[in-house]
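Heads up: the protein sequence lines correspond to chains Z and Y, in order. Quick note: this note's numbering has the first sequence finishing at residue 1247, numbered continuously throughout. Quick note: this note's numbering has the second sequence finishing at residue 211, numbered continuously throughout.
Do not take every clue at face value.
Stated by the list, open to error - Okay, derived cross-link-like pairs now, EDC-like style, lysine to aspartate or glutamate, Cα gap no bigger than 20 Å in a straight line:
#1 Y:Lys155 / Z:Glu1235
#2 Z:Lys1172 / Y:Glu168
#3 Y:Lys203 / Z:Glu1190
Stated by the list, open to error - Derived list of chain Z stretches under chain Y, where covered just means 3 residues or more per stretch with a C-beta under 8 Å from a C-beta of chain Y:
#4 1168 to 1175
#5 1238 to 1244
These aren't lab readings, by the way, just hints derived from the structure by calculation. It should be emphasised that the depicted structure is a prediction, and the values quoted were computed from it without experimental measurement. Beta carbons: idealized from backbone N, C-alpha and C, even for Gly.
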Amino acid sequence: GAVVSQHPSWVICKSGTSVKIECRSLDFQATTMFWYRQFPKQSLMLMATSNEGSKATYEQGVEKDKFLINHASLTLSTLTVTSAHPEDSSFYICSAIIGLSGTEAFFGQGTRLTVV
Amino acid sequence: AQSVTQLGSHVSVSEGALVLLRCNYSSSVPPYLFWYVQYPNQGLQLLLKYTSAATLVKGINGFEAEFKKSETSFHLTKPSAHMSDAAEYFCAVSDRGGYSTLTFGKGTMLLVSP
């Protein structure tokens, strides 16, 4: 089956630093990937849609200069949290679809970010 | 715009009892509906999906859900709960005719007691 891998699984960083999270499709090409944020005991909120070779589309209220998304290849999308603050601490999850229209969204295992 | 309402943030059942997790949706177009399961500190796993074919959908691990247009519901059921079913369950809707852009409910934590 299709596998999406996120790295790292968890990360702790100091306020003001930047953190990069990788999302890889291991056995398929993912033209489109999605980044979600999940606060404790809450649902997933879509942050942005990442398309290979083009700029990401951000949801309303998401700061694109703070959450930098790069989708340079068909198997890798990265989310960089810049100048991290404690309020950025959250669980970040990516998903990917196969092909252009997508037949199912496959989710990564998530990354727990803690900013101290 | 679409939305999903999951009734009950927590549902507790005994092992072997019926599991019923409720989901109601709103969508301006015929929806695609999904149920996902999330174990602690993990991503989401698809349990089942409704894509305008049969209204009764069977998924993995013995779960099934029925799409009822008149009630705008897509409740998840399992005849007999197992301890390993304890997890967070999310109902999601897509209104763009595909599986890609999902709107999630707030989730229901299923607790299973021996």
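Now the hints, each set against the structure:
A C-alpha spacing of about 16 Å is found between Lys155 of chain Y and Glu1235 of chain Z, which places the hinted pair at or below 20 Å, so the restraint holds. Proposed proximity of Lys1172 of chain Z and Glu168 of chain Y is contradicted: the alpha carbons are some 27 Å apart, above 20 Å. A hinted pair counts as satisfied when its Cα atoms are at most 20 Å apart, and Lys203 of chain Y with Glu1190 of chain Z qualifies at roughly 18 Å. Only residues whose C-beta sits within less than 8 Å of a C-beta in chain Y count toward coverage, and the stretch 1168 to 1175 of chain Z has 4 of them, enough to reach three; the restraint holds.
Given as covered by chain Y, the stretch 1238 to 1244 of chain Z passes the check, having 5 residues with a CB less than 8 Å from a CB of that chain where 3 are the minimum.
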